[in-house]
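Chains as they are written, first to last, in the numbering used here: chain A, 367 to 641; chain B, 317 to 638.
Bear in mind the hints are in silico, worked out from the structure with no lab data behind them. Glycine residues also receive a C-beta, built at the ideal position from the N, C-alpha and C atoms. Incorrect hints may have been included.
Stated by the list, open to error - Some chain A residues judged to face chain B by a derived CB distance under 7 Å, without partners named:
id, residue
1, T483
2, Q489
3, S492
4, I493
5, E526
6, C530
As the list claims (entries may be wrong) - Listed below are the simulated SDA-like cross-link pairs for lysine to any residue, each with C-alpha atoms no more than 25 Å apart in a straight line:
id, chain 1, residue 1, chain 2, residue 2
7, A, K423, B, N350
8, A, K502, B, S359
9, A, K502, B, D357
10, A, K568, B, K347
11, B, K347, A, N505
12, A, K502, B, G483
Single-letter residue listing:
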Amino acid sequence: MLSDKKLKSLGRTANTVRQDIIKMLLAAGSGHSAGSLGMADVFTALYFNVLNINPKKPWEPKRDRLYLSNGHICPVLYAVLARRGYFPVSKLKTLRKLGSPLQGHPHYKCLPGIENTSGPIAQGQSIAIGAALSAKMDNNKHQIYCLVGDGGQDEGQTWEAVLCAGKYKLDNLTFIMDRNNIQIDGYTEDVMPIEPLADKYKAFGWHVIEVDGHNIRQIIDACGQAESIFEKPVMIIAHTIPGKGVDFMEWKYQWHGKVPNSKEAKEALKQLRKL
Amino acid sequence: MNLSPRIFKKNIDMVPTRNGYGDALVELGRKNPNVVVLCADLSDSTRSSGFQKEFPERFIECGIAEQNMMGMAAGLASEGKIPFVSTYSVFCPGRNWDQLRVSACYSNLPVKLTGAHAGVSVGPDGATHQGLEDIAITRCIPNLTVLAPCDYEETRKATVEAAKLPGPVYLRFAREKTPVFTTSRTPFKIGRAEVLREGKDVSVVACGPLVYEALLVAEKLKKEQIKVEVIDSHTIKPLDKKTILKSAKKTGAIITVEEHQIMGGMGSAVAEVLARNYPVPMEFVGMPDSFGESGAPEELLKKYGMTSARIIKAIKKVLKRK
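Take the sequences, apply the hints, and build the full model.
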């Protein structure tokens, strides 16, 4: 059982990560703000509590794997990896700069802890399924997580992957969906209606759990439950607020692929420090 | 060159190149427990069914879902497997090019993708199933090795060797039975073109089963005192520049022969090397910026100009330009 003290500490870490994201995006001058901020709690819960990992041995064969399928929210992944000790926090400010390993979209093994290349939506899902099948073949017991976006539900490859994971009953596989209801051109249900998501995944042979993506205890409990499910892959639908923590960004799809200017960043950091 | 003693005889063995792939998969499966095969509902026609029978636990039926198949292969490769992705060339790399580019090649993972049923000689299935653009769209991807072996034996060797490379490889096969004119003793090395026949008047650089047509032409033109050098350029990327330039310097004229669009194919790769280093008159034999259609393989090869007669015509033309 997670102590209140630990929970509070995780919340503080997530807030630090949000501040890192704002600073990184300001320095980079381009990138994706809303999804990165919205997923800070989920990534913090995973890397600081759920995953069986060791930053000192990033490629240890028995490690749990985390694949990112919506690669554009990589600022949150980079910030969490740095805070968890995979590489120095000082590297974060090189995001999107020439020669930096912090590519605009993640490149496999370009940094310790980066398990897959991603960017073109939905590709990480199939990679995660391949890795889960490989673990099954070799009777390895580690867990495989894959972070996906709700906009990515538009992609045909998503449903090829979902169908296949159901067929192979990949109970070592857990997807976590950032259900923030926005994508570049607008609200997901305007661009391309994807509901009822839970029913869709259930129909494809998945176990579905829904959580508040800003409630770290709920996220951790859901991952624990996911590990205990047999003969089914698990989809955790994490309901999140895009731009979480910065009032002028929250719920605004316009912030999907936009970064703050220095005045906005200053205001964002001020708000986040008060959280 | 240790070619078949029956090379120009009527009783030469006729076997499809895809069979070489199927047999090599079984051979690889027995030697290496990390070899896995992914299939998109085409196990018989891609000849992956032999592997499936012997190693069902390492055979992954993906259904008709080529994009997911390529991504899964990348995931398996990142975990130490050597995945062979099996389907038709029109679907892979045709339908999953983005996944090939990003998940497999940008990550430089040892995914081995195979395109069966390449070329107009696929025949009655028609243009939709005749892969004629696959070389163009694979040879432009960094990290990817591109192979188009010439017969059953060479396909078998190419498959075995592809498994040893640390990066991604594309292998291209044909549907029809074609002459088996190389033997187990014919040299084969990825990245090295083989001069199958020496000549001094003109070089024919070919890939796939049409290499045999080039050899037939060389034999035929002997009577006309035209000495044709025949090069099997099974590795389209990385192209064996050394062997091709050496031959260009010797003969001063080059013909390329392939069952693929002239645009962007093996011939284009050869032209890129010659233009930069040693330009000589050149002619291309291949698909002339056209889709195919239904018909018998030999009818289609004739109609679209990929026969001995067409190679001879190209040779005569290039010799005039020397």
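Less than 7 Å between beta-carbons is the criterion; does A/Q489 satisfy it with respect to chain B? Holds: closest Cβ of chain B sits about 5 Å from A/Q489, inside 7 Å.
Check whether the Cα positions of A/K502 and B/S359 lie no farther apart than 25 Å. Satisfied, since the Cα-Cα distance of roughly 22 Å is no more than 25 Å.
Closer than 7 Å between Cβ atoms is the bar; does A/C530 clear it against chain B? Give me holds or violated. holds, 6 Å
Per-residue hint verdict: A/T483, partner chain B, C-beta under 7 Å: Cβ of A/T483 sits 5 Å from chain B, so the hint holds.
Checking one constraint from the list: CA of A/K423 to CA of B/N350, max 25 Å. Satisfied? holds, 24 Å
Take the C-alpha atoms of B/K347 and A/N505, compute the straight-line distance between them, and say whether it is at most 25 Å. holds, 20 Å
Proposed interface contact between A/I493 and chain B, which counts if any beta carbon pair is under 7 Å: Nearest chain B Cβ about 4 Å off; hint holds.
Assess, step by step, whether the Cα of A/K502 is no farther than 25 Å from the Cα of B/D357, and give holds or violated. Status holds; Cα separation ~22 Å.
Under 7 Å, Cβ to Cβ, is where A/S492 needs to be relative to chain B, so tell me if that hint holds or is violated. Constraint on A/S492 satisfied, holds at 2 Å.
Please work out if A/K502 and B/G483 have their alpha carbons no farther apart than 25 Å. holds, 24 Å
Run the distance test for A/K568 versus B/K347: straight-line Cα separation, threshold 25 Å. Violated, at about 40 Å.
A/E526 as an interface hint toward chain B, with CB separation required under 7 Å: Given a least distance of 4 Å, the restraint on A/E526 holds.
Taken one by one, the earlier hints fail for this structure only at number 10.
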